[in-house]
Amino acid sequence: MPAKEDTYRSQRVLHIVFAVSSVAMLVSITWMVIADHFREWKRVQRDFIEFDASKTRKDSEEAKVREKQRDLAELEAELSAAREAIAAEVAGARDAKAEEIGKFQKKDQALAFKKAERDSVASFYDIELDKGNEQKANEIKDQLNQIDSELKTLREEHEDLNDKIIAAEKRIAKAQEEDSKVAELEKEIADQQKEIERVQQKQWSIWSAIRSSPVLDAFAPALKIEQMVFIDLPIHYSFKGVPRFDRCTTCHKGIDSVTKEGGKAFDTDAVEAHSTSPHRAAFKTHSHPELFAGPNSPHPREKFGCTICHLGQGSGTSFVFASHTPNTVKQREEWMSDKTKDYGWNEIHHWPWQMSKSRFVESGCVKCHPHVVELESSKYGETAPKLLKGYNIVRQYGCFGCHEITGWKPGTGRLIGPDLRLEPQTEGERKKASADPLNPPGRLRKVGPSLRHLAEKVQPDWAYRWINLPKGFRPGTRMPQFYGLTNNNGKLAGSDTADVAKSSVELHAIVHYLYSNSVPSANPETPDTVKVDPANSEQTKRGQDRFIERGCLACHSHKDVSTKNYPQANANFGPDLSNVAAKLKNKDGTPNTKWLFNWLKDPLVYHSTSFMPNLQIKDDEAADIAAWLLSVQGSWAEDPGQPKLDEKVLDDLITMFLQKSMTLRLTKEVLSSGLTEKDLADVRGDERMLAAPMTPEKKLTYLGKKTISRMGCFGCHDIPGFETAKPIGTELSAWGLKARMDPEKLDFAHIVEYLEHHSTDQEKHNPDFELFLEGMMHHKGESFLWQKLRDPRSYDFNKLKAWDDKLRMPRFPFADNPEDVEAVMTFILGLVADDQIPQHYRNIPQSGAKLALIEGEKALTKFNCRGCHMTKMPEFKFDLAKTKFPEPGALHGADFPDTAQDQNTLTRKVSEKSTGQMAVQAMLIQTLPSELERAGEIPSDAEELIVDLWEPMRIENKQYFIGDRLTLPVEALDKQQKPAAQGGQFAELLVSHLMKKDRKQVGEVWAFVPPPLVREGMKAQPAWLHQFLLNPSEIRPAVRLRMPRFNMTSDEASQLAGYFAAVDNMEYPYEHIQQRDDSYLAQKESQHANYLTDGWSLLTFEPKGDVPASQKLCANCHRVGNKAPEGGTPDDKGPNLVLTPDRLRPDWLRQWIATPRRVLPYTGMPNNFSAAKDDYQSYFRGTSAEQVLGVRDALMNYHRVQQSELVKKPSTPPATGGN
Amino acid sequence: MIRRMSGLSICLAALPLVWGLSGCGGGGSTPKKISTPTPPPTTTTNTPTPAGEKPADTGGGAPVAAGAEGWGTIKGQVVLDGEVPETKLLVKKGDQNAKDPAVCAVQDLPSEEFVVNKESKGIKWVLVYIGGTPKVHPDLAKAEGTAELGQKFCAFKPRLLAMRLGQKLLVTSEDSIAHNTKMDSLRNPPDNPTVPPAPENGKSELAPKELMSAELRPFPVQCGIHPWMRANIAVIDHPYFAVTDENGNFEIKQVPAGAQNLVMWQEAIGWGEGKGKGKEITVKADDTTDLGKISLKLP
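Chain order of the listed sequences is A and B.
Oh and the first sequence: position 299 is 316 in this note's numbering, straight run, nothing missing.
Oh and the second sequence: position 237 is 245 in this note's numbering, straight run, nothing missing.
To be clear, the hints were calculated from the coordinates, so they are not data collected in a lab.
Treat the numbers as computed from the prediction; the structure is a model and nothing was measured.
By construction, the Cβ of each residue, glycine as well, lies at the ideal position given by its N, Cα and C atoms.
Be aware that a few hints might be false.
As the list claims (entries may be wrong) - Simulated pairs of lysine-lysine, DSBU-like, Cα-Cα distance not exceeding 35 angstroms:
| no. | chain 1 | residue 1 | chain 2 | residue 2 |
| --- | --- | --- | --- | --- |
| 1 | B | Lys305 | A | Lys558 |
| 2 | B | Lys100 | A | Lys1017 |
| 3 | B | Lys285 | A | Lys1014 |
| 4 | B | Lys292 | A | Lys1017 |
| 5 | B | Lys101 | A | Lys1014 |
Unchecked claim - Which stretches of chain A does chain B cover? Using the computed rule of at least three CB atoms under 8 angstroms from a CB of chain B, they are:
| no. | stretch |
| --- | --- |
| 6 | 187-193 |
| 7 | 906-915 |
| 8 | 975-984 |
| 9 | 1188-1202 |
Unchecked claim - Counterexamples of contact, computed for chain B against chain A with all Cβ distances above 12 angstroms:
| no. | residue |
| --- | --- |
| 10 | Lys126 |
| 11 | Ala149 |
| 12 | Gly158 |
| 13 | Lys190 |
Chain A on its own, in the form it takes in the complex (with noise of 0.2 angstroms):
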């Protein structure tokens, strides 16, 4: 065929092809740049530069306003101008110096010459009367002589020129030195350009969008990507952790941005002035930046990052793709339908580590705290407060009973998360748990009392209608609630008429175990001596005095000693007693007083794990407090009543236990006559309990251990037979891990039919109803947990389940209030079992002060110290401006010279303030003008305060010692703060009573009440502490009420210990008492003969010479040795001074000693050495200072000097054989 010219394709049709596909590609590569240009990101990147640019411009001009009033330009030409002259002065002084060293070395040099030609002349002179010319001699002479007078003037003019040149050199000095002075002006004024220059660069310009270009930001953008790489914080995935990395900054720009000061840089305020961009939320600085992200703070942005706390998509450099998480119905909305503020939002489905949302924000703290009590400390205040309730609601209601949660990652001895297990409960566990350091065993105690004794306490009919339903007896109680829920109750789907039956029989059953297992304790019966009559008026009213004064109001609450007349009668560490005289009966129905007065004197005996103390009362105090508290008429708030058993219901019930070990036959046997010799061979374990032949109790008693088996009561009791029993429940350890990583194997079942047609109205309307439904609907963990705290049962809604494939957790009362729920929902939120964090990220020290703080708090909120004792006295904040408190010099007069070094030794810190808000301990004494009924309350209408200072504090240079005594008014004091203490509602609520019923002053009274610990480290030894604290026996006279002897091991006692001497920075476990060492004494005793006899004489005052042998300082009111005060009553004593030299530190008694007022406010101890004037000189020779310090010497070497004084009075000498 012959070449054509024809293409195969027309080619008008090709171009145009190639031309559309060439536009066509034009377009989409185009578009292409443009998607993956314009990122989200990059336009709250460029917004913030305009916010920060705004606020700096701002900030600036703010700042020259403030500096100067004067024009930049201004300055600078005065500037300039200083400059030149000081230029044109140095240049001139320079000449001029330059001149006259000129001047000067030429004259130098004449008068080098002349000095030679004057030796030369002088030479001369010699010659010639060598020669013997004479006449030629006396005209040398004479020449000499000109020479000289020459030479003198030279030297004048010589020094005259050095003195200008000096004069030359002063004028440049001073002229430098005003150079310096304009040096310093020029940097300011170049701090000021540098200040504008910043602005100026900080703004958006050509440049920067030149650089931020398509295929040019590759080299030096003005927008890019912030990233944080943590190798060592991986992402948890379970079984692998990944590498984090975190982008979040890309958008919050100013997270850590601080000011010099330390505070945020970018507040609210800051940021809504000067920004409109919809992205200005983003752009704020964390909040608290001295504690979270600032550079300065334990957790800096740079080693910590964002995600390891708020969790969600570190990688993710959009606003949805972060997971960012709407913490409510209405800022979900927000977020969604809100076009124009661009966020819009949606949930991503494939990142399981979701953000939490920011009321869930705290569970992140838990995984590097797991000991979680530190987060509430005197340096930062409440960090976590919702981690820290959620904590003590756990470890309250003792959820660790059923649910293990283990800290330690099992055999490595690391540390991983909270550790809330239940101690070893036998012998055999103890030796093994102890055995194995790399798994150590649980510390807590189970949280009910024990059930070991339950007949001799109350009567079958009473515990069957409480476990039934506890709250019906006890409004407030923990014990949570087992029958007549949702899924046993036969109101609901899923639960049918049967079940209420069956609950009945349940119950039958335990109550029937329970007694028939009830073994009698070592209780005594009550003595002849005791009676304890509760319808004895005159008993039952000394018995309510004693309630009052002996300490049970410090964890107890009672309907009779109501809040109305004592507001701090609220606590509830141990359940409130109005009741107990429904509850405590013998079987004829008369008050089981034996068990209550026995109790009263030794609860241990009956529940020996108990938290309850040993109060150390007397027999008649004891029965009276009984007979007071079975007086008060007792009743049901909703009694559930008690139906008979139904025996067809039970045998239906063991059939169906006895059916998954035996044929049908043989159960029907079995319920009729037992289990035959031959057929028990082949039995094991519970069903041993029905050999023949067969009973009525033995069919309860075997139902009753099933049932208690099945439901777990021992997780909270001690019961007979289940001491080695597992919990049963769910590890919880991982479980936030798991309710994000594997939320599919949680039983999520009908739940949101339950959630959707079974709540109420009320409910319904709740805006976080809605958020945790919608959760539900998609299976959320978060959700889950939400609904099971609330009412765990109801997961059984419409479920065709058997009878013992029922759920079984309990419905807490805690679940009413939804703060609690949402409380435990943030710490087992937390509860990840993240091994993969190092170590060293985690706060778990291993020793010294900081783990005795830990250990300490731990052992103080177990054993409820604060109850009776003030850890911190209130707090006022007011305002400096409106107080005016009298100069320090009027308040000290009496003090000695030392005490102002003295007082920040006591304290380590002083409260420093010149203008603004102080925040500072002290008591209130009184205000005005209404009297003080109850004490630490302050009046309505009260105008001033009359406060004492528990620390002290620094205003300008004015110290302000402990003890000043000062007035606040009451306008000053700061509105939001009401002051309040730390721990002591008892030792208030005994004061304000003490006070009424004694008819005295505030201050005089809190001799009386259990004392504040403050300082308590500073003061005590701790081996003293340790040993006090096992066995607390009496020290002061004076108080109401003994201190308990708490159930306490060794190790808890020694925490406590080493917590205060944490606390206040002090020596531990041991102090070096210098006083004892012999160099001392020597040195002491070199100085001042018989030092310490002397210091002891200062006590007793022993006779010496004419001076009466009924005079006595310190044995007035103290035990010394042999000597006891007489007469008086107990009131007006001080302790023992036997008990000094191994309870006080040395510098503290010697504090004390000086000015007791300067250490315990409130004391009646006077100062007894006066630094005014020096007595009792024929005791101790020398000042009250130096007598101060023999008294203090003769204290610590007490028994040394005990030793001497036996010694010196030998005994009587044996009788001589008489008649």
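Since the structure of chain A is already known, use the hints to place chain B on it.
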């Protein structure tokens, strides 16, 4: 062009005018608030007081100005309305079980909390003073001297010490055993010094103390070693006060004439008629106003 320019220049000229107008009239300052007079000031002046004469003091109560020029004397007698109660005996003479019997049980020690004369029914140890801040007679302008609180045979003497702010408080003891004086003052810093035993036939003294502020009511003084020992100290910042004698009589001289408030306080009774503000009386100028018998009741 010129028209436009003039239009422009008019606008330009108008601008400063507008600015000026807006500037004036703004920023109206609120007049300075007159502060309400506060309860009695704590500063005081000294008056020369002969020993024994106790100047009046001010406690709670509104400030009262002296009416007409003139000064008068007021006197009266405070009597008990009701039964005279039994006096308690704190320490019996010779009781060896008492504390420090060698000094404290030398004589019978009756309680001085409520001392009433059996015949005249006059109440001793009642503090009577003019309430508020009365004008002070120029002769009595300065407070001078010391007020002494003594201790003998384990009892404070006097039971009620009324002193003027500006005087020095001197605590002494004639007992040869140690005492301490716990002074629970309210506005003044509390103090609790030990008084050393007095030498033979002598007196032991503490350093005289200057008080900082007047007290709203007499404050208690107690010995911790011998708790039955009580006294009260009243600190008043003007000289018009007196303490009644055994028959309940009192006299206050050179009181500003006119309407005054008379405040009374006794340890067991508390405040008298009119409470802390006092009852209204009229003082005659250059004359003695006899208030007659003023009766008080036990609560």
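Here is how each hint holds up against the structure:
Our distance criterion of 35 angstroms between C-alpha atoms is met by lysine 305 of chain B and lysine 558 of chain A, whose separation comes to about 32 angstroms. At roughly 25 angstroms between alpha-carbon atoms, lysine 100 of chain B and lysine 1017 of chain A fall within 35 angstroms of each other, so this suggested pair holds. Pair hint lysine 285 of chain B plus lysine 1014 of chain A holds up; C-alpha atoms about 28 angstroms apart against a cutoff of 35 angstroms. The straight-line distance between the Cα atoms of lysine 292 of chain B and lysine 1017 of chain A is roughly 41 angstroms, outside the 35 angstroms bound, and the hint therefore fails.
Among the hinted pairs, lysine 101 of chain B with lysine 1014 of chain A is consistent with the structure: their alpha-carbon atoms are about 31 angstroms apart, no more than 35 angstroms. Here's how the stretch 187-193 of chain A fares: 0 of its residues keep a CB closer than 8 angstroms to some CB of chain B, so the rule of at least three is not met and the hint is violated. Counting residues of the stretch 906-915 of chain A whose CB lies closer than 8 angstroms to any CB of chain B gives 4, so the stated coverage by that chain holds, three being the minimum. Using a Cβ-Cβ cut-off of 8 angstroms, 4 residues of the stretch 975-984 of chain A lie near chain B, which meets the minimum of three, so the contact claim holds.
With 4 residues bearing a CB less than 8 angstroms from a CB of chain B, the stretch 1188-1202 of chain A meets the requirement of three and the coverage assertion stands. Taking the minimum C-beta to C-beta distance to chain A, about 27 angstroms, the non-interface status of lysine 126 of chain B holds against the 12 angstroms cut. Interface exclusion of alanine 149 of chain B from chain A stands, the closest Cβ pair being 23 angstroms apart, more than 12 angstroms. Consistency note on glycine 158 of chain B: stated as away from chain A, and its beta-carbon is indeed over 12 angstroms from all of that chain's, at 18 angstroms minimum.
Distance check on lysine 190 of chain B: its Cβ comes as close as 6 angstroms (rounded) to a Cβ of chain A, failing to clear the 12 angstroms threshold; non-interface status is violated.
Hint compliance for this structure: hints 4, 6, 13 are not met, and every other hint is.
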